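Enquirer: Let the sequences and hints guide you as you build the complete structure.
Number of protein chains: 2
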Amino acid sequence: MNWNRNRTDFRMGSISETGEFAFINRIQALFPTSADVLHGPGDDCAVVRVGDRIQLVSTDASVEGVHFRRNWTTHYDIGWKAVAAALSDIAAMGGQPQFVLTSIAIPTSESIDDLESLYKGVADAASACEAVVIGGDTTQSPSGLMIDVTVIGEALNNGFILRKGAQSGDMLVIIGTPGRSRAGLLALQNNIDSPEVIRAHNHPTPRITEGLWLSEHPHVRAMIDVSDGIAQDAGHIAKASGIGVGMTSASVAIDPELLTLCMELDESIPDLVFTGGEDYELAFAVDPDHSLELIENFRRTFNLPSYAIGAFSDKIDGVTIDGNPVEHRGYDHFRPST
Amino acid sequence: MNWNRNRTDFRMGSISETGEFAFINRIQALFPTSADVLHGPGDDCAVVRVGDRIQLVSTDASVEGVHFRRNWTTHYDIGWKAVAAALSDIAAMGGQPQFVLTSIAIPTSESIDDLESLYKGVADAASACEAVVIGGDTTQSPSGLMIDVTVIGEALNNGFILRKGAQSGDMLVIIGTPGRSRAGLLALQNNIDSPEVIRAHNHPTPRITEGLWLSEHPHVRAMIDVSDGIAQDAGHIAKASGIGVGMTSASVAIDPELLTLCMELDESIPDLVFTGGEDYELAFAVDPDHSLELIENFRRTFNLPSYAIGAFSDKIDGVTIDGNPVEHRGYDHFRPST
Numbered sequence: 031m032n033w034n035r036n037r038t039d040f041r042m043g044s045i046s047e048t049g050e051f052a053f054i055n056r057i058q059a060l061f062p063t064s065a066d067v068l069h070g071p072g073d074d075c076a077v078v079r080v081g082d083r084i085q086l087v088s089t090d091a092s093v094e095g096v097h098f099r100r101n102w103t104t105h106y107d108i109g110w111k112a113v114a115a116a117l118s119d120i121a122a123m124g125g126q127p128q129f130v131l132t133s134i135a136i137p138t139s140e141s142i143d144d145l146e147s148l149y150k151g152v153a154d155a156a157s158a159c160e161a162v163v164i165g166g167d168t169t170q171s172p173s174g175l176m177i178d179v180t181v182i183g184e185a186l187n188n189g190f191i192l193r194k195g196a197q198s199g200d201m202l203v204i205i206g207t208p209g210r211s212r213a214g215l216l217a218l219q220n221n222i223d224s225p226e227v228i229r230a231h232n233h234p235t236p237r238i239t240e241g242l243w244l245s246e247h248p249h250v251r252a253m254i255d256v257s258d259g260i261a262q263d264a265g266h267i268a269k270a271s272g273i274g275v276g277m278t279s280a281s282v283a284i285d286p287e288l289l290t291l292c293m294e295l296d297e298s299i300p301d302l303v304f305t306g307g308e309d310y311e312l313a314f315a316v317d318p319d320h321s322l323e324l325i326e327n328f329r330r331t332f333n334l335p336s337y338a339i340g341a342f343s344d345k346i347d348g349v350t351i352d353g354n355p356v357e358h359r360g361y362d363h364f365r366p367s368t
Numbered sequence: 031m032n033w034n035r036n037r038t039d040f041r042m043g044s045i046s047e048t049g050e051f052a053f054i055n056r057i058q059a060l061f062p063t064s065a066d067v068l069h070g071p072g073d074d075c076a077v078v079r080v081g082d083r084i085q086l087v088s089t090d091a092s093v094e095g096v097h098f099r100r101n102w103t104t105h106y107d108i109g110w111k112a113v114a115a116a117l118s119d120i121a122a123m124g125g126q127p128q129f130v131l132t133s134i135a136i137p138t139s140e141s142i143d144d145l146e147s148l149y150k151g152v153a154d155a156a157s158a159c160e161a162v163v164i165g166g167d168t169t170q171s172p173s174g175l176m177i178d179v180t181v182i183g184e185a186l187n188n189g190f191i192l193r194k195g196a197q198s199g200d201m202l203v204i205i206g207t208p209g210r211s212r213a214g215l216l217a218l219q220n221n222i223d224s225p226e227v228i229r230a231h232n233h234p235t236p237r238i239t240e241g242l243w244l245s246e247h248p249h250v251r252a253m254i255d256v257s258d259g260i261a262q263d264a265g266h267i268a269k270a271s272g273i274g275v276g277m278t279s280a281s282v283a284i285d286p287e288l289l290t291l292c293m294e295l296d297e298s299i300p301d302l303v304f305t306g307g308e309d310y311e312l313a314f315a316v317d318p319d320h321s322l323e324l325i326e327n328f329r330r331t332f333n334l335p336s337y338a339i340g341a342f343s344d345k346i347d348g349v350t351i352d353g354n355p356v357e358h359r360g361y362d363h364f365r366p367s368t
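Chains as they are written, first to last, in the working numbering: chain E, 31 to 368; chain F, 31 to 368.
By construction, these hints were calculated from the structure, which means they are not laboratory data.
Take the hints with a grain of salt, since some may be wrong.
[Claimed, not checked] Okay, derived cross-link-like pairs now, DSBU-like style, lysine-lysine, Cα gap no bigger than 35 Å in a straight line:
no. : chain 1 : residue 1 : chain 2 : residue 2
1   : F       : Lys345    : E       : Lys150
2   : F       : Lys269    : F       : Lys150
3   : F       : Lys150    : E       : Lys194
4   : F       : Lys345    : F       : Lys194
5   : E       : Lys269    : F       : Lys150
6   : E       : Lys269    : E       : Lys194
7   : F       : Lys269    : E       : Lys150
8   : E       : Lys345    : E       : Lys194
Because the structure is a prediction, the values reported are computed rather than measured.
Expert: Rendered as structure tokens:
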């Protein structure tokens, strides 16, 4: 689990008995806060005041065999994706990344060239988002690679968007092409040569510029990055906002990249979009009177898909798809499949 | 290795062939910097400008079987020590800790009660230094526990002390009771009931208040925390300052806690002080004209030992003890002994 993201990381013996959220509540109760902490654990980033600035901070671990498998990706992309996933938390708040630190545990057998490739991926992912790597730790790992990335960003003009704030009637809008990352994983698992979606899985790009643009839009009321599938991530917005959210399969845009692959694999595109993980696209709640205008502006500005996939409602309890309640569907980080 | 601390963490096949420092140089060359980064990798913390404030940031990993063994410590102390070790990097720059994030990889067999104890140790170590835990990530570990801690602090009045800055003739002064942590480790390894030194090993206290006090002293020119033994850590100050450092065994204060234990184990106190690790005391370079006055003030203020153990000199190449050159002696994080 990520306290700043509530990913469903736990499917394990003793912890799963207590339940992930009960455990988070138990440990969060241990932590006092301070006046400089505007938002502690519970959102994509912590939000803290530093002098006259507002800073966004998050940490995100990638573990071999849990989050990635080295036979399906390059060392360069292992480094890139670990940093991109962490930076996506800054995008989810509409912030500008500034600094990155990486702590890497390395098996003794790792080659210098592979490690250098990994660090090149780290450096390039940071640079792509105009952040710089300011430090890190590298230590021995008794088993596989593990990369922990801490990102620090700034809320420009002190503006940032939380998960909470969605109102009943708000549209749920997504940007980009969610579902591709899970499709890429399926392609890798089934040995299908589908470079576009495999790249989406191994080399995701955080939506920093798009997040900044959305954070300046007065009618965007809540936002999250799509790391666990929209069903789960939209549910996080709904829960934080104290309402529910309903989505419809018919709203899902047909991504031509996914179409052939889904037919070949007998998968449904809506399923990939609703429950696929690690897309690092953005999903947000917007005032319904301004959603069409925003979507059009967004498409024109970024030449990227964007569409409404549902609506928030105080008449809905939790998350529904086509009217049916959804129980925490989404990417399961405990399935060692990537 | 810790880029912000240059700990000798690598004794492994392929990396040790290239050499730790050569590898650090190779990867650091990959990372561009920015105007907001006052000091990047190479000191105890990175130093960055955030608006009108100066921030100190560091990350520090603790790996089971490499940095700790669970049969020699409690879960509470595993959490405490991981955070204390990271916060010590803020102390080493004379900063005030503010925020802590912890990323913890957990084996599936871990019990909820043990985990809660670990997080209690995390929370208490942060609180003891007036810092708050603002976020984290918890994920599955395929092998042992791993805790990565990121600490963020502030340079009060924008003052901080680097490793570089020592001048030829400066005294090398240490505070506290270094050597106790290694003594505690030896006690654990040899099944000797010596609670004071075992506590020094399992439950170290970062010298935050002392570091802040020293950072306000105009004649303290360079500082480091003693994490790898004074021989190595004083060597880091010397190297960063472009000079050498000479120490003498006769200067080492006889710590009564160590005396009996050293006799029982046939160990020498100076050896423990020079090469023991994880003390998290502070060592610094001070203008020789003000060193006695500073030491007296320090002792009076904190009721803690403090004494000169050597001097910096442009006539010395590297590190000497009693006139003999020292090759990187110090705590070896690749010896799975703690």
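Enquirer: Out of the numbered hints, which ones does the structure contradict?
Expert: 1, 2
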